[in-house]
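According to this note's numbering, the sequence shown holds residues 15 to 256 in order.
Some hints could be false.
Unchecked claim - The list that follows gives simulated cross-link-like pairs (lysine-lysine, DSS-like), each with its CA atoms no further than 30 Å apart: (1) Lys93 to Lys126; (2) Lys78 to Lys157; (3) Lys126 to Lys148; (4) Lys83 to Lys155; (5) Lys173 to Lys223; (6) Lys61 to Lys86; (7) Lys63 to Lys194; (8) Lys93 to Lys203; (9) Lys61 to Lys129; (10) Lys248 to Lys89; (11) Lys89 to Lys164; (12) Lys60 to Lys203; (13) Lys248 to Lys223; (14) Lys83 to Lys164; (15) Lys61 to Lys241; (16) Lys127 to Lys155; (17) Lys164 to Lys126; (18) Lys164 to Lys60; (19) Lys129 to Lys194; (20) Lys248 to Lys173; (21) Lys93 to Lys223; (22) Lys130 to Lys61; (23) Lys63 to Lys173; (24) Lys63 to Lys35; (25) Lys179 to Lys194; (26) Lys173 to Lys129; (27) Lys63 to Lys83; (28) Lys78 to Lys155; (29) Lys127 to Lys89; (30) Lys130 to Lys86.
Rather than coming from a laboratory, the hints here were simulated on the basis of the structure.
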Amino acid sequence: MTNALNIAVCDDDPIQVETIKAYINALDMNYEFNVIAAFSGEALLKKIKDHEIHIAFLDIQMEKMDGIKLGKQIKAIYKNAIIVYITGFKDYAFHAFCVKAVDYMLKPVTEKKFKKLIEYAILRFEQLIAYQRKQQVFTIKTKEMILNVKYEEILFFEKNLRKMKIYTVQGEYEFYLSMKKLMEMLDMKYFVRCHQGYLVNKYKILEQKENHIYLRDKNILIPVSRKFKANVLKVLEENMFS
């Protein structure tokens with residue numbers, strides 16, 4: 015999970031947009047919020063090209079592109095985006111759920127109601143990411159078998175000359191692969207390189223002491239080199255809030 019969340023806000027009423035931005039900026043949560051705001055669907059789509067959207071608060075009734083069409087386009091680009099509709103029309107609630115929006119709120123929006131709304135949206139986002147992590151699988155080919163290992167069962171990888179060894183909660187397996195190729199095959203948002211020869215599951219790290227990290231499983235000690243120490247410190251900060 016990331017400690018920074020990109021929040022999209024789109025409404026053709028500038029006052030509504032500024033109000034929601036103010037509510038977000040006033041939040042005291044274990045996240046940094048990067049707000050991308052626009053007054054039309056077209057303008058928002060241009061702004062989010064280089065910013066993965068985690069949560070989007072959208073008005074439904076807007077000129078040219080309505081919020082339903084906008085929500086569909088955001089989901090087409092960022093499938094994990096959590097869509098929330100803020101509308102003045104109760105009749106649009108059904109259309110909102112057709113876009114698989116997680117919730118909707120009727121205007122006017124109070125700060126108290128908005129806080130509950132965004133807390134729920136964040137919870138749903140966290141649940142989605144956790145579920146995906148459990149479903150992801152890494153496939154390796156050893157001399158004896160082809161093995162599918164779930165990310166949540168991987169502890170770390172160790173490189174030794176031409177051989178790569180994977181350590182899992184079930185056991186250890188050797189195969190031939192370079193560190194570069196391994197990192198290309200993995201979804202690296204779940205792993206961190208702590209040493210030239212080690213790649214560790216972020217969610218298995220318990221703590222760092224001097225030049226080593228301890229894993230949650232089996233009390234394993236892994237070296238941390240000066241070159242990659244900043245990577246580990248960043249992960250530890252993230253894990254404090256996960």
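Now the hints, each set against the structure:
Distance restraint check for Lys93 and Lys126: the Cα-Cα separation of roughly 29 Å lies within the 30 Å cut-off, and the hinted pair is therefore satisfied. The straight-line distance between the Cα atoms of Lys78 and Lys157 is roughly 59 Å, outside the 30 Å bound, and the hint therefore fails. Simply put, Lys126 and Lys148 have alpha-carbon atoms about 34 Å apart, too far for the 30 Å limit, and the pair is violated. With a C-alpha separation of about 44 Å, the suggested pair Lys83 and Lys155 falls outside the 30 Å cut-off, and the hint is violated.
For the proposed pair Lys173 and Lys223, the alpha carbon gap of about 22 Å is at most 30 Å, so the pair holds. With a C-alpha separation of about 16 Å, the suggested pairing of Lys61 with Lys86 holds against the 30 Å cut-off. Distance hint between Lys63 and Lys194 is fulfilled; the C-alpha atoms sit about 28 Å from each other, no more than 30 Å. Distance restraint check for Lys93 and Lys203: the Cα-Cα separation of roughly 16 Å lies within the 30 Å cut-off, and the hinted pair is therefore satisfied.
About 25 Å separates the Cα atoms of Lys61 and Lys129, which keeps this hinted pair within 30 Å; it holds. Pair hint Lys248 plus Lys89 holds up; C-alpha atoms about 29 Å apart against a cutoff of 30 Å. Distance restraint check for Lys89 and Lys164: the Cα-Cα separation of roughly 26 Å lies within the 30 Å cut-off, and the hinted pair is therefore satisfied. Among the hinted pairs, Lys60 with Lys203 is consistent with the structure: their alpha-carbon atoms are about 25 Å apart, no more than 30 Å.
Distance restraint check for Lys248 and Lys223: the Cα-Cα separation of roughly 14 Å lies within the 30 Å cut-off, and the hinted pair is therefore satisfied. As the CA atoms of Lys83 and Lys164 are separated by approximately 36 Å, the hinted pair breaks the 30 Å bound. Our distance criterion of 30 Å between C-alpha atoms is broken by Lys61 and Lys241, whose separation comes to about 35 Å. Simply put, Lys127 and Lys155 have alpha-carbon atoms about 52 Å apart, too far for the 30 Å limit, and the pair is violated.
Pair hint Lys164 plus Lys126 does not hold up; C-alpha atoms about 40 Å apart against a cutoff of 30 Å. Taking the CA atoms of Lys164 and Lys60, the gap is near 36 Å; set against the 30 Å cutoff, the hint is violated. With a CA separation close to 43 Å, the supplied pair Lys129 and Lys194 exceeds the 30 Å bound. Restraint check for Lys248 and Lys173: satisfied, since their Cα atoms lie roughly 23 Å apart, inside the 30 Å limit.
At most 30 Å may separate the alpha-carbon atoms for a hinted pair to count; Lys93 and Lys223 exceed this at roughly 38 Å. With a C-alpha separation of about 27 Å, the suggested pair Lys130 and Lys61 falls inside the 30 Å cut-off, and the hint holds. For the hint linking Lys63 to Lys173, the alpha-carbon distance of about 37 Å lies beyond 30 Å, and the restraint is violated. Note on Lys63 and Lys35: the hinted pairing holds, with a Cα-Cα distance of about 20 Å set against a maximum of 30 Å.
Straight-line distance between C-alpha atoms of Lys179 and Lys194 comes to about 14 Å, which keeps the hinted pair within the 30 Å bound. For the hint linking Lys173 to Lys129, the alpha-carbon distance of about 47 Å lies beyond 30 Å, and the restraint is violated. Distance hint between Lys63 and Lys83 is fulfilled; the C-alpha atoms sit about 17 Å from each other, no more than 30 Å. Of the pairs offered as hints, the one joining Lys78 and Lys155 is violated, with about 53 Å between alpha carbons and a cut-off of 30 Å exceeded.
Of the supplied pair hints, the one linking Lys127 and Lys89 holds, its CA atoms being roughly 25 Å apart against a limit of 30 Å. Among the hinted pairs, Lys130 with Lys86 is consistent with the structure: their alpha-carbon atoms are about 24 Å apart, no more than 30 Å.
Of the numbered hints stated above, those contradicted by the structure are hints 2, 3, 4, 14, 15, 16, 17, 18, 19, 21, 23, 26 and 28, listed in ascending order.
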